[in-house]
Amino acid sequence: MKLVENAAGRLVPTEVNGRDAVPFAGVGGHRPAGRRAAPRVATCLDYPDDGDKRVGSIAEALEAVGLADGMVVSSHHHLRNGDAVANLVFDAAAALGRRDLMWFPSASFPVHANQIRHLEAGVIHHIEGSMNGPLGDYCSTGRMRGLGVLRSHGGRWQAIQDGEVGIDVAVIAAPTADAFGNATGDRGPAGCGLLGFALADSIYAEKVIVVTDNLVPFPCLPWQIQGNHVDVVVEVDSIGDPTKIVSGTTRVTNSPDRLRIAELAARFCAAAGIMRPGFSFQAGAGGTTLAFAIYLRDLMRAAGVTARFARGGSNRYMVEMLSEGLVEHILDGQTFDLDGVASIRSDPRHVNTSPFTSYNFHGKGNFASMVDVAVLGATEVDLEFNGNVVTHSDGRLLHGIGGWQNCLAARCAMLLVPSFRDRIPVIVEEVTTLCGPGELIDVVVTERGIAVNPRRQDLLDAVAGSGLPIRPIEDLKAELDRICGSPQPVPRSDQPVAVVKWVDGTVLDTVWKVG
Amino acid sequence: MSDLHSASAGPLGDEVRSDCRVAYEPGEGPLAVEVVSKVDYLYGQSIAAALRRVAGGLGVGTGRLSIVDRGAVEWVILARAEACLRLAGAVGPAVLPEAHPSCGVPRSRERLRRSRLYVPGNQPKLMLSAGLYGADAIILDLEDSVPPAEKASALLLVRNALIALDWGASERMVRVNQGELGLEELRRIGPHNPHTVLLPKVEHPDAVHRAAAVLAELGLADRPFLMPILESPLGIHRAFEIAAADPTVVALTLGLEDLSAELGAPRTEEGVESLLARQTTVYAARAAGVQPIASVYSGIADETGLEAYVRRERGLGFVGVGCIHPRQIAVVHRAMTPSEREVERAIAIVRAARDAEARGLGAVAVGSKMVDPPVVRQAFRTVELAVAGGALAAGWDDAES
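Chains as they are written, first to last, in this note's numbering: chain A, 938 to 1452; chain B, 284 to 684.
Here chain B stands alone, though its shape is the one from the complex (with noise of 0.2 Å):
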């Protein structure tokens, strides 16, 4: 192992909170472990054990391997660990953590993604409690949020992540970046049960086809679900294509932030300016039989702003919005949720289906009124929306059964 060389991972400051910063150093004997902890007096002998599991596992065995820990959990110290003896130079099989009983959870293509959380995937911190906040969806991000020197180590503790975090009953999503990283961050979290993977910037299917081919060569049971996100013109001109180029595509959804950018108007409360992107985005999908799902709202203080704009694109035809802090959860649920005439309406529907299916009959009626398929469809879909939301008691139907 003489060509190992000097390596840090993990940040270092005295603002770091549950989070470490891991060095080695080569040197001749016998491997030295020193920890710097703030809980030393509670973890100190186990922080020491995870570091030399990690190097032992990379068959490190001389030098100088050092931590500064503020309050790291372990699956996260074994990440940084690792990243830090990776970027030394070490290869080898990675030491992971104790999986948490939720870990194998199975996907489903057909939930409801109302909300999904972004988490940068460099900041523990904000994980340990993403699962708390009822979240359709948690997406840990590798892209935006993770500047270019911490990719290595970001991708390591969001692959430790999704074995050792508790994600509540959130959906489990991971975005990758473009290109060649992207689609080596999904050889590695791809086995790791990720229920579905953002891939930004798609501008062709063809990413969308080396995604889902990356993801087949894992030789997985049950391949990971992906959601194209378009953030420029040219993206959003080949929306359906992007949506349609492969059967695990479950959503499409948009970055309005670049795109903004791109087309050189700037993102406005209106949202004039990206309507037919939005419009195309939300047409594509369903043309695709994807679920079309809006950007996120930036104003994190401002609740009536947000609430505004949930509903605009919901009435766009939109099913859920991104969230960039947890207390936009709530009231992007209560803005999704129907209303008590739509849900009233809904209702009616259901009952039909449910009886022209329970008497043989192809056609359902309402009254008078014949109702189409898709009308059905949204029907059940909206009494779904509204359990969801509170608007309508989980055992509506059994009551008067």
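Isolated chain A, as found in the complex (with noise of 0.2 Å):
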């Protein structure tokens, strides 16, 4: 395999799976050219005139669209934890003897380690997408055919849009749908609040399929997903374990340390003025950043500041300040707990959104750009202020990309880390996987205090005199290696297992074989 070093200066391999990659060119330096994929023109006399468009199992469904050796099989991941969609459609494709599948979910879950005796019987060649937990591992450790492809959500949608992944089957698990394959994610016995994620699916992809274990009679209202590109639809008993859809990710953190990096955080957004009326603000799952929205809310109510919108994902405290009238609109990519889905479903002001809307790298713009600040999570970040969120500090992937990547683009994307967790830094000299470039984060919060990226020097400015802890990030990583003893080298291989995408579909870095 060519390795080349990339402008990041990582080693990053010139082919992906049998196709060229173009090395990561620097931020803003890779336009790519040329007019976007579609699939075949279809006909509606294919179709029934009756919109019924059933069929009796998912096997029967795979076999309708003429699932074939080595075609591109996707998914998404709006059901989490508690997916059962996309194990059964490989448990069916195995049934049917297909073999060297690629599997392209939008990410996937422990629930998905199903895979590996699909990946070992030759079923699954490869797969693109996040992997995590046993799936993680399998990669991690050389044992899948083909290269691992990490892309952020809005670098899944540009990978549809330019044709670097044809998708020849979408699999849409659907809490609710009629039989002419219109389906929403806001209601049904699996509701997962929406759909976004498999909407480029449904629009590029040759053939569509929509499961569902809650068939209503035409029309299904709303309609995320049209039925107009969907080929066949299939009922199950169950898409899915709805206990497991809605994340323990929303439980509030007690941890000490996490709420002080919180607080931090929050009071970082008031003292810099970001925090000022109709602002915007992003913040995700987690019990760090929950609970950055509740001391966020409590100084915006002191202060008497209302949000114009804030994107989630949801959960019950951004729904809550929204009520509040705090927040004006959530403009919502996923929803992670039940007050998310009752909310997108009732209030108006609480609409769905797709990596289309809110990622895509050919898009007309976007709007995570015009979100003034984003709070995320990571692995590591560097002394140059690069972030992992892909990998273990062994280099073992742990976490997808998610929307990570896109969320960079705010004008303030912050970084809340603890400084280290059970000895293992955490501002470390050089991120063991580069995920994101150091020039777009911003500001990086730890329990012992706030690192102001040195080319924000407007933030600095403006948090001059605060009272905030804020520290130069060398100063940081001093104390850790103090409290944690400088850490031995870690030997890496050469045998590259996975790679990390750009949100322009280039190629960032690679993963390494461990163990």
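Derived by calculation from the structure, the hints in this document are not laboratory data. For glycine and all other residues, C-beta sits at the position ideal for the given N, C-alpha and C. One thing to keep in mind: the hints can contain errors.
Pair ranges (Cβ atoms, derived) [as the list claims (entries may be wrong)]:
#, chain 1, residue 1, chain 2, residue 2, range
1, B, 381, A, 1395, 54 to 62 Å
2, A, 1427, B, 390, 55 to 63 Å
3, B, 644, A, 1395, 34 to 42 Å
4, A, 1190, B, 547, 33 to 41 Å
5, B, 308, A, 966, 58 to 66 Å
6, A, 966, B, 588, 23 to 31 Å
Assembly of the complex is requested from the two constituent chains, each provided in isolation within its own frame, with the hints serving as guidance.
Right under this line is the structure:
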């Protein structure tokens, strides 16, 4: 495999799974040209006039759309760790004797460890999508054929739209749908809020299968997924376990360190003048970001400031801010709890979005860059403010990128991280895997102090005299070295197992085999 | 060393964080060291080296020393290894961790003690960040929060924390156990600059005398302060004698949980059952010239209740309360901060006192009213509290001069 050094100084392959790959050329350094990819034109003559596209089973559906060896099969992750459908699809494909499929999920969860047997048996050739837990270990230890390809939510849309990935069969798990294929995520026993991550798949895939456990008579309203893109509809007993669809990430942390990080971050927003009338923010799930939202809410109340919009993943606390009038609109990418689901169903100020509206590199603008402040996590940050969100410091795959890279486009991107986790430093000399270039990461908030990127002199000036513990990042690292001790160098193999794409489709870094 | 036996120290399990379990098995051949660690790829070599250093210091050259590490920092590993080998029967000098630059910071008798954060002495994870929260004092506790079987290991953790931990700006406090165990703990931690030692369940001035004598025997240039805790009717009854038992006593406090149990009067939100005890503590402390400090408030999530509690205790004359979670600290400091009116009045008295001093006058007057010395002292204290609580700028009197 040929490897070259990209503009970030990282060694990356020039070919990924048989396709040429462009090395990262710097932020804003790559301008793809050409036309959007598109599926073949269809004709309504091939579809029933009465709109009833139902078939009896997932296997029948796969046969009906002509699933063949080597095809690309996509799925979405709105059902999170409760998803049953992606597993059922590959079980059915295996029963049909199909081989060498590429799975293209918008993210995978521990529940998808089921796919390991299909990887072992050759049903799945490789996965392009986030891998963690058992699948992450499978890929990290070099057992997967082909390279894993990690993309942001926006990068996935970009790859679909510019033809880097052609989806042969999209399978869309739908909490509610009609026989025509119109589908919504905001209701039904497995209600997950919205289906934005499946939207590109529905528009650009050659064939689209909707799988639901809550079939309603036409029309299914609202229809975030339009039946006009859909080939067949399958009714199953259950598309997933609702108790695992809403994640446990909606519990506010009780950890004193994390509360302190959240409070410092909220106070930073106030002191820097980011929290001003009509501002906007993005805060997702996870105990620390939830606590951030609560501290920010209190500061907004005290200052009499309201936000024009907040970007989700939505959750109970964001919904309460909407109800209280502290937030005027929620532009939601995914819902993290049942309060979020109920709100998006009933409150017209709480609207669904998709990676197209928010994150797509090929879009004519993006919501993400209009957001005043986005708070994010990370596994590592280095002295150049580069961030890692996909690997553990031993190089093992740990998380997907999600919207993380895309959110760095915010006017102020803040990483809320503990300075170390059980002796493992989070602030390091150089990140194990580069996921976000330091020039886009403005502030790092730890329990031991706040490091502001020296490129953001404006922020440094704004918070001067605020009493906040602003410290050079080198200073924080020196303290960690004192507490944790200087780590020994971690040897890295020379065998790539996955690549990290930047939002523009270029290759930002390589994930190497471990163990 | 043939008389060594099997031993272990430290917790084991998947939920353990920032701590480790060290075990020793006697055996023939040269010492084998085994490391199982979630951070072995970063610190495996230094963990093995730390274990060998401790074994070498204690003269253990045979058998098998193993660790199951869950991300403990080095001073924790050193403490757990030493505890394990001492439990195995090894004797010899300790291998101490590298000292934190702040470990020698001097103690101060009259400092603010509005908040004191209790941290269990067997939980290093909680110690690592304790200095970040701005508590006036941190108490590493060897008493109630440490089960009997873990006391020996916790003592070494606390000793190492006194050497290697960053306590921030907080006063360095340790709560020892009662009786002989507590005196032995004093001997072991005394040389490592605890600012103040809390003595639990004191019922007689003799307990203070014994602790003071043990610390005096250490021959330190500067002896640690003592803070007796009254936790029984008998202790309350002897409050003044206890507070006045030794010049190193700087504060007197009480423990309402145990006291309520002894009284058979369950602790209520209003605290009527303990009013006499609390007032007695305040009177005794002031009579002895030491600070009266209130008990803890156990409702961690109830900020409103905590704030009301602190205001009420402050109203009785207490100058501080105990905290069992860092989130209580800010609430305590806020509630301990004097009101705007109190501050205004105190500033007027402080100015008058300075003016009187400058003019060589013995008496202080605000307007036509004479102010007695205790009121002047209290005014200075109010101004200090206002500055510490952020209600008054630190340079409030510079601006006008």
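We went through each hint and held it up to the structure:
Separated by about 40 Å at the C-beta atoms, residue 381 of chain B and residue 1395 of chain A break the suggested range of 54 to 62 Å. One distance hint, 55 to 63 Å for the beta-carbon pair residue 1427 of chain A and residue 390 of chain B, is violated here, with the actual separation near 43 Å. Checked against the hint of 34 to 42 Å, the pair residue 644 of chain B and residue 1395 of chain A fails, with Cβ atoms roughly 54 Å apart. About 39 Å separates the C-beta atoms of residue 1190 of chain A and residue 547 of chain B, a value consistent with the hinted range of 33 to 41 Å.
For residue 308 of chain B and residue 966 of chain A, the Cβ-Cβ distance of about 60 Å falls inside the hinted range of 58 to 66 Å, so the restraint holds. At roughly 57 Å, the beta-carbon separation of residue 966 of chain A and residue 588 of chain B lies outside the given 23 to 31 Å, and the hint is violated.
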